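Going down the list, the sequences are from chains A and B. Per the numbering used here, the first sequence starts with residue 115, numbered consecutively. Per the numbering used here, the second sequence starts with residue 13, numbered consecutively.
Simulated from the structure, these hints should not be mistaken for lab results. One thing to keep in mind: the hints can contain errors.
[Claimed, not checked] Below, in silico cross-link-like pairs of lysine-lysine (BS3-like), each with a Cα-Cα straight-line distance of 25 Å or less:
no., chain 1, residue 1, chain 2, residue 2
1, A, 190, B, 273
2, A, 190, B, 326
3, A, 224, B, 357
4, B, 70, B, 105
5, B, 257, A, 128
6, A, 128, B, 326
7, B, 145, B, 133
8, B, 49, A, 123
9, B, 70, B, 145
10, A, 123, B, 310
11, B, 326, A, 224
12, A, 220, B, 357
13, A, 168, A, 154
14, A, 190, B, 345
15, B, 133, B, 70
16, A, 190, B, 357
17, B, 273, B, 345
18, A, 128, B, 273
19, B, 357, B, 326
20, B, 273, A, 123
21, B, 310, A, 190
22, A, 123, B, 257
23, A, 220, B, 326
24, A, 154, B, 345
25, B, 257, A, 220
26, B, 357, B, 310
27, A, 128, A, 196
28, A, 154, B, 310
[As the list claims (entries may be wrong)] Listed next, with one range per pair, are the computed distances between beta-carbon atoms:
no., chain 1, residue 1, chain 2, residue 2, range
29, A, 133, B, 345, 31 to 41 Å
30, B, 120, A, 213, 46 to 56 Å
31, B, 345, A, 141, 24 to 34 Å
32, B, 325, A, 117, 36 to 46 Å
33, A, 135, B, 330, 29 to 39 Å
34, A, 232, B, 325, 20 to 30 Å
35, B, 279, A, 158, 50 to 60 Å
36, A, 158, B, 88, 44 to 54 Å
37, B, 373, A, 141, 55 to 65 Å
38, A, 117, B, 330, 35 to 45 Å
39, B, 368, A, 166, 52 to 62 Å
40, B, 107, A, 135, 54 to 64 Å
Predicted model, so just to flag it, every value in this text is computed and none were measured. Cβ atoms here follow ideal geometry from the backbone N, Cα and C, with glycine treated the same way.
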Amino acid sequence: MKPFTYNGKEDCPKILLDEDLPEFLIAGRSLPEDAFDFYKPVFDWLQEYAKKPKQETVFRFELEYYNTASSKQLSKLFIFLKELQSKVRIVWCYHHDDVDMLENGKRFEKLTGLEFSLVPLPAVDDDNFEIIIN
Amino acid sequence: MGMSNDESYPKGLAFELYDSFRSADLSYVYHGLFTQKITDLIILLAEINMNRSGESAKIKKRVFSIMVESLQNITRHQDTTDEYHGFFAIEQKDGNYFVTTVNLIYNKNISHVESLLKKIKSLTPEELKIYYKSVLLENEISEKGGAGLGLIEIARKSNNKVSYHFHRINDEYSYFYFHTCITPQDEGESFDDTDLVQMDNVYLLHQLLKQNGVQIIFNGLFNQESLINLLNIIENQMAGLGRLKRVVFNLMVEMLQNIVKHAVKSTDKDGSQGVFFINKANNQYILNSGNYIDQQEKEPLIRKIEHVNSLSIKELNDYYNQCLFDFQIDNSKESGLGLIELRMKSNNLLQYDFYPVDTNKLFFTLKVIVDSTNL
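All chains should be built: construct the whole structure from the sequences, respecting the hints.
Okay, structure coming up:
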C-alpha cells in the first residue's frame with residue numbers, strides 16, 4: 115500500500131503512514147485552519163489500511179501542541195483504531211514538564227480503552243523552540 | 013447580559029480600543045516588547061495587511077523601508093525594565109500611509125535628537141542626500157549606533173514628512189513620538205496641521221494602553237497567516253514563563269481561531285477585522301478579543317457561554333469528554349470544544365459583551381482571565 119506522508123509546517127503536524135515502518139507517526143503542532151479537512155487524508159488512508167492491517171499497529175504521537183479542533187479529529191482517529199482488526203498500541207509522547215499533554219494522553223487512554231504508552235521526552239530549552247517562518 | 017462586572021479596568025476596554033483605532037484609521041497597531049525577532053514578525057504581519065490593499069510596489073517599498081528603520085529605532089532604544097513598552101502603528105488614509113512609533117529616550121539625549129531632527133526638517137531633498145553622506149563619513153553616530161542615519165533615511169524616503177514629540181516620564185526617561193507620512197506624490201510639500209492632530213490621537217491611545225497594563229495588542233486583519241505570526245510574537249514575548257506561557261498560548265489559539273472562523277469577514281474576504289490584546293493586572297493575565305459577528309449568532313453564543321459558565325470543573329470535564337466524542341458536531345467550521353477549553357484552561361468564568369454596530373452586525377468582545385498563581 116502506498117504510504118501517506120506529510121512534511122508538516124508551522125501550523126500542521128508531520129504525518130507518516132507507512133506499513134513498512136514499525137510505527138505510524140503524527141508529530142509537531144496541530145492548529146490548522148481547518149482540522150476536519152486536514153485530517154481527512156489520514157482517515158482515507160486508514161480506511162484502506164483497515165482492509166488488511168498488520169497484526170500489530172503502533173501509532174506514535176509526538177505532539178507539541180494541538181488545538182481543540184484537532185483534538186476532535188484525534189478522538190475520531192482513536193475510535194477508528196479501536197475498531198481495527200489489529201493489536202493497536204498508542205505511543206503518546208509529551209515533553210517531560212508538559213502536564214497538560216500528559217493529562218491529554220491519560221484522558222484519551224481512559225475514554226477509548228486503547229493501550230497507551232505514555233512516554234516523557236527529554237527536556238528541551240523551551241525558548242529555543244519556534245515556529246519556522248517561511 | 014454579559015458578565016462585564018470586572019472593576020480592574022473600565023467596562024468594555026476591548027471595544028473602546030477598537031473604536032479608537034477605527035476612528036484614527038489605524039489599520040495595524042502593535043504595542044509590546046520589541047526584540048529583533050519580534051520586529052521581524054511585526055514586519056511580516058504589516059506586510060500581510062498591506063498586501064491586501066493592492067498597493068503599488070513603489071509605495072510598498074518606501075513604506076517597508078520606513079517601517080524597518082522605525083522599528084530598528086524602537087528595538088535599539090527601548091527600556092529593558094519591561095515597564096515602558098514600544099508602540100508601532102500604520103495608518104492608511106486616502107492613499108497616504110502614516111507610520112508612528114513610540115519609544116523611550118534618555119532625557120540627556122533629547123537635545124541631540126531634537127537638533128538633528130530640526131536640521132533634517134530644514135533640508136531640501138538634495139541637501140538631505142549630501143548630509144546623509146557626510147554623516148556616514150564623519151561617523152557621527154550615537155553610542156547605540158545608527159540612530160542618526162536611521163532618522164535621515166526615514167526623512168529621505170518620506171520626502172521629509174516627519175513630525176515628532178517628546179513626553180517626559182521621569183527624571184531619566186521620556187517617550188519619543190515619531191510620525192512619518194508617505195504620500196504617492198513625490199513633491200516635497202511640508203506637513204500640515206492635520207497630521208499633528210493625528211499624532212495627538214496616537215498619544216492618547218498610547219496612554220490608554222499604558223494605563224490599562226496592555227502588554228501586547230494587535231489590531232488588524234485576522235486570518236490563519238496573521239494568527240501564526242501573532243502566536244510567534246507571544247511565544248517570544250513570554251519566553252521563560254513555562255506553564256503560564258503554554259496556557260496563554262493555548263487560550264490564544266482558541267480565541268484567535270474563533271475570530272478567523274466565526275467573525276464576519278472583511279469586504280476583501282481575506283480575513284476578519286478585529287482586535288486582540290493581553291493586559292496584566294497583578295497576577296492576572298487577561299486575554300481579550302473583539303470582532304464583528306452576525307446579529308443572529310448572538311443568542312446561540314450567549315447560550316453556549318452561559319452554559320459553560322454554569323458548570324463546575326467536574327461537570328465541565330464530563331461535558332468536554334462528551335463533546336470530544338460527539339461526532340454530530342464534526343465539520344470544517346466547529347468542533348464544539350473551543351469555549352469549554354477556554355473555561356477549563358483558564359479556570360475562570362468567561363466574560364463577554366456585545367455592542368450594536370448596525371442592524372445586522374454586532375461587535376462581540378470576549379475576555380478570558382488566567383491567574384498565574386492558580387496554575
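Results of checking the hints against the structure:
{"no.": "1", "hint": "A:190 to B:273", "verdict": "21 Å, holds"}
{"no.": "2", "hint": "A:190 to B:326", "verdict": "23 Å, holds"}
{"no.": "3", "hint": "A:224 to B:357", "verdict": "20 Å, holds"}
{"no.": "4", "hint": "B:70 to B:105", "verdict": "17 Å, holds"}
{"no.": "5", "hint": "B:257 to A:128", "verdict": "23 Å, holds"}
{"no.": "6", "hint": "A:128 to B:326", "verdict": "34 Å, violated"}
{"no.": "7", "hint": "B:145 to B:133", "verdict": "16 Å, holds"}
{"no.": "8", "hint": "B:49 to A:123", "verdict": "19 Å, holds"}
{"no.": "9", "hint": "B:70 to B:145", "verdict": "23 Å, holds"}
{"no.": "10", "hint": "A:123 to B:310", "verdict": "35 Å, violated"}
{"no.": "11", "hint": "B:326 to A:224", "verdict": "16 Å, holds"}
{"no.": "12", "hint": "A:220 to B:357", "verdict": "17 Å, holds"}
{"no.": "13", "hint": "A:168 to A:154", "verdict": "22 Å, holds"}
{"no.": "14", "hint": "A:190 to B:345", "verdict": "16 Å, holds"}
{"no.": "15", "hint": "B:133 to B:70", "verdict": "23 Å, holds"}
{"no.": "16", "hint": "A:190 to B:357", "verdict": "22 Å, holds"}
{"no.": "17", "hint": "B:273 to B:345", "verdict": "7 Å, holds"}
{"no.": "18", "hint": "A:128 to B:273", "verdict": "23 Å, holds"}
{"no.": "19", "hint": "B:357 to B:326", "verdict": "13 Å, holds"}
{"no.": "20", "hint": "B:273 to A:123", "verdict": "20 Å, holds"}
{"no.": "21", "hint": "B:310 to A:190", "verdict": "30 Å, violated"}
{"no.": "22", "hint": "A:123 to B:257", "verdict": "21 Å, holds"}
{"no.": "23", "hint": "A:220 to B:326", "verdict": "16 Å, holds"}
{"no.": "24", "hint": "A:154 to B:345", "verdict": "14 Å, holds"}
{"no.": "25", "hint": "B:257 to A:220", "verdict": "22 Å, holds"}
{"no.": "26", "hint": "B:357 to B:310", "verdict": "24 Å, holds"}
{"no.": "27", "hint": "A:128 to A:196", "verdict": "22 Å, holds"}
{"no.": "28", "hint": "A:154 to B:310", "verdict": "31 Å, violated"}
{"no.": "29", "hint": "A:133 to B:345: 31 to 41 Å", "verdict": "34 Å, holds"}
{"no.": "30", "hint": "B:120 to A:213: 46 to 56 Å", "verdict": "49 Å, holds"}
{"no.": "31", "hint": "B:345 to A:141: 24 to 34 Å", "verdict": "27 Å, holds"}
{"no.": "32", "hint": "B:325 to A:117: 36 to 46 Å", "verdict": "43 Å, holds"}
{"no.": "33", "hint": "A:135 to B:330: 29 to 39 Å", "verdict": "37 Å, holds"}
{"no.": "34", "hint": "A:232 to B:325: 20 to 30 Å", "verdict": "23 Å, holds"}
{"no.": "35", "hint": "B:279 to A:158: 50 to 60 Å", "verdict": "36 Å, violated"}
{"no.": "36", "hint": "A:158 to B:88: 44 to 54 Å", "verdict": "52 Å, holds"}
{"no.": "37", "hint": "B:373 to A:141: 55 to 65 Å", "verdict": "41 Å, violated"}
{"no.": "38", "hint": "A:117 to B:330: 35 to 45 Å", "verdict": "39 Å, holds"}
{"no.": "39", "hint": "B:368 to A:166: 52 to 62 Å", "verdict": "59 Å, holds"}
{"no.": "40", "hint": "B:107 to A:135: 54 to 64 Å", "verdict": "57 Å, holds"}
The structure fails hints 6, 10, 21, 28, 35, 37 (numbered hints given earlier, in ascending order).
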